[in-house]
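J.: Each chain, letter by letter, is given below.
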Amino acid sequence: MDNSELARAADPRVFVPYLRDNPPRLPTGGHGHGAIETVRTATHRGHEIVVRTTYEIEVDGRPLKGHLNVGNDGSVHYHPLPNYSFDSALDLVRQVIDSFPERFEAGGPHPADATDSGHREAHRGGA
Amino acid sequence: MTVGIRRDIRSDDGARDAYVQGVIRLKQEDTGLTTGDFRIPGFAGTPPQPLSTWDLFVLWHLVAMNTSTPPGADRNAAHVGPVFLPWHRWMLLLLEANLQRVLRDAGFGLPYWDWAADGDGSVDEQPQAPVWKRECMGGDGSAGSEPFVTTGPFAADSGFRVRVWSDEEGRVWAVDRPLRRRFRAGEGLGLPTTADVKAALELLPYDTEPWDRNSDGFRNRLEGWTRPTGLHNLVHVWARGDMEAATSPNDPVFYLNHCNVDRLWAAWQAEHPDAPYLPGDDAPGDLLRHRLSDPMVAFFTDTAATPADMLDVSSIYTYDRLTM
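Chains as they are written, first to last, in my numbering: chain H, 25 to 151; chain Y, 2 to 325.
Worth flagging that the hints you see were computed from the coordinates, not collected in a lab. Note that the Cβ used here is the ideal one computed from N, Cα and C, for glycine as well. Heads up, a few of these hints could be off.
Claimed, not checked - Example chain H residues on the side facing chain Y (calculated, C-beta under 7 Å, incomplete):
hint, residue
1, P51
2, A59
3, P106
Stated by the list, open to error - Have a look at the derived ranges for each label pair, beta carbon to beta carbon:
hint, chain 1, residue 1, chain 2, residue 2, range
4, H, A31, Y, D18, 35 to 43 Å
5, Y, D275, H, G85, 53 to 61 Å
6, Y, V4, H, R86, 48 to 56 Å
7, H, H71, Y, V4, 50 to 58 Å
8, Y, P206, H, H71, 24 to 32 Å
9, H, E126, Y, P48, 18 to 26 Å
10, Y, S315, H, H71, 44 to 52 Å
11, Y, T319, H, R86, 50 to 58 Å
12, Y, L312, H, A31, 20 to 28 Å
13, H, P87, Y, E272, 45 to 53 Å
14, H, P87, Y, P48, 24 to 32 Å
15, Y, S143, H, R118, 19 to 27 Å
With the hints as extra help, turn the sequences into a complete structure.
T.: As structure tokens, then:
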């Protein structure tokens with residue numbers, strides 16, 4: 025890779041038509057249900073270990089459905105907050121409320137207020 | 002051949018001013034594409050939004066972050082794995098090339114923010130560091146549930162608008178609002194320190210099994226998964242607001258953070274010239290996108306760089322300083 029290659033890649037006459045013809049696939053939908061299952065595997069003294077953990081998280085009765093993983097050390101990672109690692113799922117949810125306070129305010133804007141076709145697909149479980 | 006020099010935005014006013022001007026121009030460069038072209042729904046009735054060249058980089062980051070490697074894994078095509086450093090080096094190169102174009106300066110070098118130098122100071126003083134001044138990135142967001150940035154070139158009254166945003170469940174939405182920041186300094190959380198950086202630079206190898214956030218090695222320490230949260234991750238977590246979502250490249254500070262992360266990788270490479278990038282091409286298939294010659298997730302064209310392409314970029318740019 026050199027400067028001339030980079031300059032070509034940074035030309036809108038190149039990348040705009042490409043993106044118009046090749047729109048990226050974006051995460052417009054949630055997981056479509058409230059349960060999130062994570063699987064950890066390990067081998068110990070020749071034995072295969074599988075630990076499945078299922079989370080069903082609610083805040084004020086509303087399910088929270090982002091992608092969640094549990095690390096081998098038991099820490100929890102939540103993809104919508106990609107730079108955090110949590111000691112527990114409760115800590116995770118506390119941080120989600122702190123980071124997106126407007127999303128948990130009574131009467132605050134909700135995605136269901138969205139109107140276009142992409143959103144309707146999202147709520148049918150698309151993407 | 003022009004080799005750009007990347008300098009510390011804390012001390013180089015020329016690099017600072019050029020970066021601010023370049024960001025504004027890329028943010029104003031209308032591509033003719035809209036969120037509707039990418040089937041991004043409008044949040045709370047927001048109509049389709051115009052997408053600038055700047056906004057397209059936000060979407061590239063989102064696409065890579067949502068490409069789990071392998072599917073269902075914690076590791077993705079730009080984070081939580083070995084490709085974290087080369088993928089972001091590639092992203093910075095393409096952003097820098099676009100900045101050079103709009104600035105009409107082939108020698109422009111993306112500035113970095115040596116956040117550890119600020120982290121060595123008291124936590125209370127960190128929000129007043131040079132990077133947060135009016136003439137640089139502007140400061141913290143206002144208090145309340147809408148912490149919009151109120152000072153500097155990207156403040157709410159500047160016309161700088163966030164067009165795409167990832168919500169509390171990771172869904173992307175079209176929005177039309179100012180930039181958000183919510184500094185953690187008031188909670189006693191400080192930025193990484195020089196001691197943290199020096200400890201990371203001593204680590205070998207580059208990366209190791211299980212090639213994720215449980216790995217020992219340099220990449221994982223620099224990315225910030227070694228608990229407590231550190232280095233790169235800590236900067237995102239410290240600034241908060243738009244910096245803590247998957248759409249974090251909305252905030253121009255994102256690139257200053259990652260340019261410093263890239264500088265630290267360059268420093269590590271200089272310190273350990275015989276230490277290879279890992280994993281190699283003989284690693285298992287579930288490490289696709291992370292092995293030495295794997296194509297990384299592209300966006301602007303179908304031509305993908307590889308981690309191997311990113312190991313020696315000395316013909317394109319250098320850093321003014323690799324010492325800590």
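J.: Which of the listed hints are not met by the structure?
T.: Of the numbered hints given earlier, those the structure breaks are 2, 4, listed in rising order.
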